[in-house]
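Colleague: Please put together the full structure from these sequences, using the hints given.
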Amino acid sequence: VDRLSRVTEATLDVLEALMGPDDELYGYKIAVRSGRKTGVIYPILDRLEDAGWIESGWEREERGGRGPRRRFYRLSPDGLSAARDLLTERRGAVRQRGDRAAAGARKGPVPGHFIPWVRR
Amino acid sequence: MSLGAILVLVLMVVLLPLVLNEAGELAPWLAKRLLCWAAARLGTAEACERYGEEWLANLDHVPGKITKLIWVSGLVVISVPRLRRQARRRQRAIRAARGLPARWLLPPWVVDRPAEVNQIVTGLYRTADSGITTVVHGAGGFGKTTVARIVGADWRVVRRFRSRVYWVPLGREVGPHALAALVSGLISQIQPDRPVVFTDVRRASECLASILEDGPRRLLILDDVRSYEQLAAFPIAGRSARLVTTRNPSLVDGRVQLVNIDQMSECQARALLMAGLPPLPPVIAGELLGETGRCPWLLRKANKTLTEQALSGSDMVVAADDLLGQLRRRRR
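Protein chains in written order, with my numbering: chain A, 16 to 135; chain B, 86 to 417.
Hint data in this document are derived by calculation from the structure and do not stem from the laboratory.
Incorrect hints may have been included.
What the hints assert, rightly or not - Pulled a few chain A residues facing chain B out of the computed Cβ check, cut under 10 angstroms:
1) L19
2) A46
3) T53
4) V55
5) Y57
6) R62
7) W73
8) E74
9) G82
10) R85
11) S96
12) D100
On a predicted model such as this, the values are computed, not experimentally measured, just so you know.
For glycine and all other residues, C-beta sits at the position ideal for the given N, C-alpha and C.
Modeller: As structure tokens, then:
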């Protein structure tokens with residue numbers, strides 16, 4: 016993987032969000048997991064993908080080709096070890112973000128959970 | 086109750102909910118339109134197509150109606166300018182790399198050393214106009230030359246100096262005659278239309294200084310400086326900057342930025358040791374790292390030995406064990 020020209024706290028949060036077992040992570044979900052605004056997420060994902068840390072691919076056409084497809088992101092094999100090393104170096108350990116999102120311990124609301132009147 | 090008060094009451098009770106309801110209904114539609122417009126601002130058709138679809142799919146997962154509009158506004162204000170900037174930077178780097186001489190292309194096994202490289206690049210950005218020499222120093226074999234090559238190929242340096250980065254290989258064997266030839270060669274490289282040949286180092290360096298004095302920003306990378314004479318032959322002048330690799334930083338006087346190159350981090354050392362190789366048992370890999378002292382030169386030698394063994398079809402664990410024994414004997 017290439018060197019990251021800039022490693023911000025948001026970059027580390029995104030890497031932590033990507034470290035989880037979930038392999039269907041798309042932009043909005045990553046934003047929710049990392050506790051960052053989606054606007055911040057996409058430039059970071061773009062940089063990480065450009066540097067070879069992450070891979071992305073379109074979701075399969077399982078809905079009969081109706082509507083726009085989501086794009087899933089995951090750490091590449093090399094990116095995974097690089098991310099683990101970087102997080103250990105900067106934060107001492109890799110925190111698991113997947114459980115945090117599931118428990119609702121985050122900044123944003125959970126769709127259809129925190130706001131009961133929201134239609135899903 | 087006055088007529089005015091009744092009007093206000095009607096507005097509050099009837100019209101305001103109606104307006105809010107309409108706004109709520111309108112918001113998702115407006116969000117989609119804004120999203121398509123934002124995607125179209127990304128610069129390339131490929132990016133527009135990709136992010137347009139991706140963002141629209143994400144929009145379906147954003148709860149609420151007004152929230153959708155707020156979410157898209159965030160993308161428009163934060164993501165779009167940054168993505169555009171990153172795309173432009175990438176294009177510039179690609180253009181610069183195309184024009185980069187072959188000597189700046191790094192072999193695939195080279196492992197980046199971001200802390201040292203960033204320190205040097207930041208220093209060059211701060212001081213390129215004020216004639217400060219950056220001295221990359223450290224013991225032999227710890228990667229001073231490689232770090233200098235990474236800096237020379239770094240897109241930030243290429244952009245800062247507009248590809249006017251010059252590599253001068255020095256070393257123990259370079260005496261006065263060879264030095265004059267090197268300075269003449271550098272001048273000819275800077276001014277290809279007016280090649281010169283000097284036999285006297287002093288005259289050559291005076292000529293170089295006058296060229297640098299009036300010229301644009303240039304970076305001279307002097308690799309493996311061994312004596313004061315070698316350093317003095319490449320003076321610093323005008324807007325130029327010098328990057329010197331040397332084992333002896335006391336050779337350089339004046340305004341100097343020192344960057345020490347020591348052993349690699351464990352992560353870097355492991356990456357260099359295992360470059361292009363199948364995984365080794367962690368215990369053996371750890372012991373190999375320990376025996377090399379995370380010295381890049383030794384790590385590269387170990388990597389080359391293991392690569393040769395792997396290519397000849399040897400058992401990697403046996404080969405690594407054998408290498409470990411050799412390294413231990415060498416230390417004794």
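Colleague: Indicate, hint by hint, whether the structure satisfies it.
Modeller: Structure-based check of each hint:
1. Nearest Cβ of chain B to the Cβ of L19 of chain A: about 8 angstroms, under the 10 angstroms cut. The hint holds.
2. Contact between A46 of chain A and chain B, as hinted, is supported at the beta carbon level, the nearest pair being about 9 angstroms apart and thus within 10 angstroms.
3. About 6 angstroms separates the beta-carbon of T53 of chain A from the nearest beta-carbon of chain B, less than 10 angstroms, and the hint is met.
4. The restraint placing V55 of chain A at the interface with chain B holds, with a minimum CB-CB distance near 6 angstroms, inside the 10 angstroms limit.
5. Against a cut-off of 10 angstroms between C-beta atoms, the interface hint on Y57 of chain A holds, since the closest Cβ of chain B lies about 4 angstroms away.
6. With its C-beta approaching chain B no nearer than about 6 angstroms, R62 of chain A sits inside the 10 angstroms limit, and its interface hint holds.
7. For the restraint placing W73 of chain A at the interface with chain B, the shortest Cβ-Cβ distance is roughly 8 angstroms, inside the 10 angstroms limit, so the hint holds.
8. A hinted interface residue such as E74 of chain A counts as satisfied when its beta carbon comes closer than 10 angstroms to some beta carbon of chain B; here the least separation is about 8 angstroms, so the hint holds.
9. Hint status for G82 of chain A: holds, given a least beta-carbon distance of 7 angstroms to chain B, under 10 angstroms.
10. Taking 10 angstroms as the C-beta cut-off, the interface hint given for R85 of chain A holds, the closest approach to chain B being about 4 angstroms.
11. Satisfaction of the interface hint for S96 of chain A is found here, the shortest Cβ-Cβ separation to chain B being roughly 8 angstroms, below the 10 angstroms cut-off.
12. The interface hint given for D100 of chain A holds, since its Cβ lies 4 angstroms from the closest Cβ of chain B, which is under the 10 angstroms cut-off.
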